[in-house]
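My request is simple: use the sequences and hints to build the entire structure.
Protein chains in written order, with this note's numbering: chain G, 369 to 493; chain E, 621 to 873; chain A, 79 to 645; chain P, 608 to 1040.
Rather than coming from a laboratory, the hints here were simulated on the basis of the structure.
Taking lysine-lysine and the DSS-like style, the derived pairs with C-alpha atoms no more than 25 Å apart in a straight line are:
#, chain 1, residue 1, chain 2, residue 2
1, A, 408, E, 826
2, A, 164, P, 681
3, E, 873, E, 857
4, G, 493, P, 966
5, G, 493, E, 633
6, A, 618, P, 611
7, A, 272, A, 408
8, E, 724, E, 649
9, A, 618, P, 853
10, P, 681, E, 633
11, P, 681, P, 1031
12, P, 663, E, 633
13, E, 722, E, 649
14, P, 704, A, 164
15, A, 615, P, 783
16, E, 836, E, 826
17, P, 966, E, 629
18, P, 853, A, 408
Just so we're clear, the structure is a prediction, and the values are computed from it rather than from any experiment.
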Amino acid sequence: MNLNATFISGRTVNQGCNLENKTSQAYFDAAAYCEMNSKDASSLGIESGNNVKVTTDHGSVVVPMAICDGNPDGLVFIPMGPWANAVVDPDTKGCGMPGYKGISAVVEPTDEKAPTMPELMARLK
Amino acid sequence: MQTVTLVPKEQFKISVEAETITPDNFAGKSADEIGALVAFEGNAPRPLSELFDIKVDGSADAADDVKIDINGNVNRVKRIGEAMTAGLIMINGDVDMRCGAKMKGGTITIKGNADSWVGQEMTGGEINVQGDANYYVGAGYRGEACGMRGGKITVFGNANDFVGEHMCGGEIVIKGNAGILPGASNKGGKIVIEGDTDMPGSEMTKGTIIVKGTVKDLMPVYQREGIEAIDGVEFTKYVGDVVVDGVGELFVK
Amino acid sequence: MSEMLIKNATVYDPINNINGDMMDIAVKDGKIVDSVSGSARTIDAGGRLVYPGGVDAHTHIAGSKVNVGRIMRPDDSRLNNKPGTKVTRPRTGYTVPNVYSMGYGYAEMGYTTAFEAAVPILKARHTHEELEEIPIIDKGGLTLFGSNWMVMDAIRENDLDRLAAYVAWGLLASRGWGIKIVNPGGGEAWGFGKNVSGLDDPVPNFEVTPRQIVRNLAEANEKLNLPHSIHLHCNNLGKPGNYETTLATFDVCKDIKSKRDRQSLHVTHVQFNAWGGNHWGDFESKAEPIADYLNNNDFLTIDMGQLVFGSATTMTADGPVQYANARLLKARWSNGDVELEDSSGVTPLEYHPQSYIHGIMWAIGLELALLTKDPWQVLMTTDHPNGGPYVNYPMVMTMLMSKKRREEEMAKIAELTFERTSIAGIDRELDWYDIAIKTRATHAKVLGIVEHGKGHLGVGADADIAIYDIKPDETDATTEYNKVEAAFRHAAYTIKGGEIVVKDGEITATPAGKTFWVRSSAPADGHERMMEDLKMKFKKYYSVNFANYMVQDEYVEHPYVVETGYQ
Amino acid sequence: MIIKDVLCPFCGCLCDDLTVEVEDNKVIDVQHACKIGTSKIKGHDRIKAPMMRDDKNGEFREVSYDEAINESAKILANSKRPLLYGWASGVCEMMKKGVLLNEEVGGIIDNTASVCHGPSALGVQEKGLPTGTLGQFANRADLVVFWGCNPVQAHPRHMSRYSVFNKGFFAGKGRKSRKIVVFDVRKTDTAEMADEYVQVNPGEDYMVMSALRAIIADKADVVPDSVGGVPKEKLVELGEALKGAKFGIVYFGMGLTQSRGKYKNIDNAVSLITELNAHGKHSIIPMRGHYNVTGFGQVCAWETGFVNAVDMSRGIPYYNPGETCSNDLLMREEIDSAMVIAGDAGAHFPAQSIARMGKVPVIQVDPFHNPTTEMANIVIPTKVSGVELEGTAYRMDSVSLRMRKIVDVDFPSDEEVLDKIIAKVREIKGASS
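Next up, the structure:
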């Protein structure tokens, strides 16, 4: 049971509030989730707070799911931050800017735990 | 005839800027003299002799009688052949950015892949990329009115986005696919894409783009002008970009 | 500080009526003095040409517009690049050089002072940040008032004291030197994409005319007894036929009297405002009627705004003209409206000798300088970088000095130029003394900085001195113009405040220059009414708070403050 | 103590009307700020002292400032291709020192715009930028377009101070004086309050703009029935609305700079605005993120001629995004050290880029522990600019203002740390030459 989606990231108020508080639970709560609309969520058979695994050509990450009915079908959103970065496209397309928006992704329900910020970073060392 | 063979002594990690590697600079020089020419490894000036094994066979009075063979991987050596006027460079491997930038004449053949800006602002000569080319084939520098003005670039593999951006003359042939927005803002010249591409010819005022494969998205700014045959093959001809009162010709199979 | 003696100098110092005399110049503690002790450092000029340090009264060297030019033109910033040395920072740019190159470039030509010609008050902090970073030269800025709501409201309500009080406050807020007016009223009209068409076309929503703006600001200028006159960029710049507006604008200030020994009106880059014809097809020079006017009136001065072929970056507070330019040339266009105050635009372009329009523009600048009899009335500028970059001043100097040099240039220029201008028939060739006037003396006089030590070499003046590698008595500038140009491009010595900053064309030291600004007192009741209006405007219409608006002292680290006041 | 007219050191709005109450050198109340600004000024746990470690997986040990600074200087001075990244959360005074340090070490200096509005600069280089100050838009705009930006979340006071709800001289009725249009790929909170929401397919903004340009140029006949997911009749309607506006303003965000086409989206948007000026007055402005990310571009441009991504390895500035931006360099694995200052690469670069930063020595200069700290070898804590330090910042519309100091702390400023590193680098380089 998978959702073929387009992934984007972006800012939110809460992510902003915790930009200088990134070791906190509040930052985790603000930046580690994946939004999709209710229709997509029910197609995956999941509810708010259930973990999903988002996978792109560039990596995968596990985060809790949140409902946002402003998203059209098949559009998923993770706030900018280390969780989103696990799946964004690092190719700068010749102009310096990696691909943070409009990336093909597959979203699936999972029992895996969402990593903390230090756990995510530890993977990269 | 003078043949200069360069073999990189190591796989460079930090990019090396070696605009000194041209037939013009090598003509008539001994291996020692060539070895004394300087390239920059990051911020560190390095004589070519520290970076390459250099062998010279024969001698030449002028660049057009010089052939440079680069044997090995120079995918971290930028600006090879910059502003060269004549002669031949054969790269038996991959090459880094801005290969053949501002080239005026002669030939560069790259057996492997070329990184971005191959043939940047070139005005003459020929570049053949037997593998793939990355972004901005034959494009310009930021803010300049013109990219490539003359000469010919052939990519036998695929090319990435922005082929021939701001092109004012010359010819680019991509045998494989090209990324998005080939020929953006071009003012002349000819681009042939034998494979697929996306959004060609945006803001084209003059020039020709021929796409033999599929155009994923056609820019919504082109006037359809009917069917025309090129070398016996029928294409749909479009004229535009109408937004810039363009008279560029876009042929799509 | 040390002493210095420049011996055997062939000196041209028009302010002090010195015309090629062989003399010594003594310097102590950064000033010109009568004599120095025997231990003074001696430079033997060996009969070479010595001028006071050059002064540029109208140039665009710092602030928002200039930086917009840099940001939008990496193609320009890749030109003229030089690595740093033991004393210099790396240099970039031709039409929009980086701050370092800006200062070094002036100093290399023997220039020691330059005034930024357009400072919006709201963005003055930025201007000063850049001015402080420009090494060596002394600087100042002219503050924009010509489309300002405070100004127009006071004029409409006929409250000249309130207007004068606002000007005084605006100069303080911007740490400015004088009143700049650009396309009076046009900047406000441009707020809704419109323009004013001439002196009597009321500004939409404000119901004052450009004529009233010019007249009232000129009167306020004299009420405050400011060192400089109003500095005016006329309406209709860049339009064929605009010379009529220009002449009519001159008349607006004809009877304004100044207590100071200076003009009561300076009209800038008149090359762009001396255009005849009704459209580009019959475009022609109208330099002659402008020069005639100057020859018959001494209350005004102008500067050339000479065109130099090649790359330019046009930048002006005249927003609408820049849009028109950009559309005509299909060029890049940046616009920069400043709330309640003014507008601006930046457009890169290329002047081609084979375009008769550009040819005619080239001719007009020279005609203005050569047809106007009194050299003190026409300042040499290129309106950097609008007519072309200031680094071309030496070439312009040779064009003024040599008919042969002009003819050499004319050979490259479109034929039609010579039917539509009188340049081919002008024989006048300026001499060393005239050039000293046109490149330093009259600039300093027009700005009102002679008494502050600029533009001359009299005792008490700042020791800003240029020694050029040329012997006037052995050099015929009318034929040896290449030699002259080379000498002016790279001064043998530039001495700034008594310190050698250039030797043999190379930068040797980079002291910080000072920034001139004016603190003026204002009529008390006018000030009170003005503050009431100003605070209301901040509360309702400005996007920044009153308390955060004015340029703080931290931004003018090397101030030179001139006190003046309400008369 | 009550401090008035305080500037907010969070986003590009650079609100300058905050009132902060301080007692015993502690912030106890912040008025007028948004939730984010309040949070920033009230402060968070910070790094207490300089720290170092040899192994990125090892534990940090506390060291003196001198030791951390000297070690940092040694790393940078001995690097062939050091990257100096960040610079957005500082004041202009420290940025000037950054440019100087980059000259000294022959590295690359790049700021957070590289992953934010860097492509906007590339668009400006193609076409220019018809813009103005925020008050100009506040006083005049009757048509407000938000394209690929979401100020409700990212710039919370933007709509009340500058763009939507505020009254202006020519917009006396505030919100009612203006028509609000939002282009986005999803119905954001900003879209929720718009008069018109135009949903564009992800990555197809560029074509939508071209279609609008054709329509405005009276060449609608070439436009197909639907572009980028927007029906032609809708586009024609929008074209009329744009043409009919007395003063239109487009605010745009990373929905354009980070999606397909990147700078080409900005290029096209600028052309759209330029062409619309033949009808009414129109302006466009990027919604800048950090409170002084604009300032870095300004400082870098006047110092070097280029806006960011300046490579000094050859002794003269060279700029070419795609080649000299942080992620270009990281993905090519060609840097041999990095300093991250006043910006958090760790939190905002793709994982692959960060993994590559993990392979070289990393120096962090920042008040706070963040993902970059996890990758750092040396950490140097400094003052929080705009709270503990005064200095210059540029608002998103390039208006510069002076940040106020609210409380005193013992930490050194970024500028002081940079000064010391520069002095040490000069000493090392001087000794070796």
